[in-house]
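Asker: Residue numbers (the numbering used here), protein chains in the order written: chain H, 1 to 85; chain E, 86 to 481.
Simulated from the structure, these hints should not be mistaken for lab results.
Glycine included, C-beta positions come from ideal geometry on N, C-alpha and C.
One or more of the hints may lead you astray.
Facing chain H, according to a computed beta carbon distance under 10 Å, are these residues of chain E, among others [as the list claims (entries may be wrong)]:
no., residue
1, 182
2, 296
3, 297
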Amino acid sequence: MRLNAGAVCAGGGSYVNKTGHWRTFIPRVDTDKCNGCGICYTYCPDSSIEIVEKTAQIDYDYCKGCGVCAHECPREAIAMEEERK
Amino acid sequence: MGKKAVIEGSMAIAIAVKQARPHVISAYPITPQTHIMEFLADFVANGELKTEYLRVDSEFSAASVAQGAVAAGSRAYTASASQGLLLMTEVLYNVAGMRLPMVLTGVNRSVGTPVNIQPDHQDTVLFRDTGMIQLYVEDAQEAYDAHVQAFRIAEDRDVLLPVLVCVDGWTISHTFEPVEVEEQEKIDAFLPPYKPLYHLDPKKPYTFGSISIDKDLMEFRYLHEEAIQGAKAKIEAIAREFEKTFGRYYGGLTQSYKTEDADIVFVAMGSIIGTLKEAVDELRAQGKKVGVLKVRSYRPFPVEEIRAALANAKVACVIDRAISIGFGAGPLTIDTQAALYGPNAPQVLPFYAGLGGKDVELKHVAEMVAKAEKAAAGEAVSAEPEYVNINWNLVS
Chain H
1 MRLNAGAVCA GGGSYVNKTG HWRTFIPRVD TDKCNGCGIC YTYCPDSSIE IVEKTAQIDY
61 DYCKGCGVCA HECPREAIAM EEERK
Chain E
86 MGKKAVIEGS MAIAIAVKQA RPHVISAYPI TPQTHIMEFL ADFVANGELK TEYLRVDSEF
146 SAASVAQGAV AAGSRAYTAS ASQGLLLMTE VLYNVAGMRL PMVLTGVNRS VGTPVNIQPD
206 HQDTVLFRDT GMIQLYVEDA QEAYDAHVQA FRIAEDRDVL LPVLVCVDGW TISHTFEPVE
266 VEEQEKIDAF LPPYKPLYHL DPKKPYTFGS ISIDKDLMEF RYLHEEAIQG AKAKIEAIAR
326 EFEKTFGRYY GGLTQSYKTE DADIVFVAMG SIIGTLKEAV DELRAQGKKV GVLKVRSYRP
386 FPVEEIRAAL ANAKVACVID RAISIGFGAG PLTIDTQAAL YGPNAPQVLP FYAGLGGKDV
446 ELKHVAEMVA KAEKAAAGEA VSAEPEYVNI NWNLVS
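My request is simple: use the sequences and hints to build the entire structure.
Answerer: Here it is in structure tokens:
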């Protein structure tokens, strides 16, 4: 298969390239503390957080483990743990 | 037949761009490029040109806007000079890598520091390794013609690369010369509308220049090199088609002037070619066998054409209007020496001339020839580059 000149590819490429394995730290949500306010969802630079039933849910296929969510959470409901693979 | 008029070089370029009917022009002023954009603004203001004319906040934006416009499937143009071109560098690597057929003019001006607004090639040779095509022109007429050709070359489906047309500042951009301007219908026939292979469209999304890590980055470079090497034949073919249509031809990648029987051949680019041709005529009248090889396409570099043109020469005098500080020769010398390397190569004598707009007169050309004659006669001469017309008082 010959590559497309200019590295042009069809839309949706960032779904195909899963970036979760880049993590060295993984965010864990304490569902008792989380009230689903959505601040982490707003701040996540990879759009890897959704609020489902008033709780933050992280998409680990794409979360790169930057820790912005944990830093911004006012209830300290997100903890960064070392990623063990 | 076109219409012949005495116009400024910048006007010749502006008319060529107007006749190419670009959808988008992004403009940021810098001397000596500004006149081109001013003339284009006039064309927009008086209704002669319908285009999206965008005044942006920097050269980085000028290149970015044109990049986005070409990615969206339009024909786009911008221009700059010197430090302004340098500010475009990061964008232009992307434009080339995304294989976007943008056309831009580099109005050659030296690069600071020291600050200088006069012509040399220090600014555009910087783009040597970007993967853009670079054409250097000799006068206003060739500037007009080369811009028309540039869009055809860039947009060719087998090429799809940006073309940087290099025009010496002042000497060409601000000088009035007789220029034959062709009829719009003939330009339209020569340069049909741009039909992109892919373009940005929310209804059918594409990613341009997507991530390519170790598994295929080298493969993308292979395709890029393959395309620009393939462009050699296209540049020649389009120059020939232009000749058939409009009756003017400057060579494709190179142009040979009285080189057939020449012992001494100058290799150079840009407006200095005019001076060299005149000097060659004078020296020929004195019975000296000299000629000029104009390098029109600096990238792709015409390796085969240079070898062929210099096959029977004894000495090649390479004139650089730029310096590769730290190597001990200019970029054109380095590339020419690499192209000629082998047992039958002529001796290469490097010269720096016209740096920062320093005058190069016929007597200086005669001095270069005098040195080359010694070398051709078998006398040992220094292979170190000569600084033509240097004021030794200022450096000793």
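Asker: Are the hints correct? Go through all of them and say.
Answerer: Quick rundown of the hints versus the structure:
no.: 1; hint: 182; result: holds (7 Å)
no.: 2; hint: 296; result: holds (7 Å)
no.: 3; hint: 297; result: holds (5 Å)
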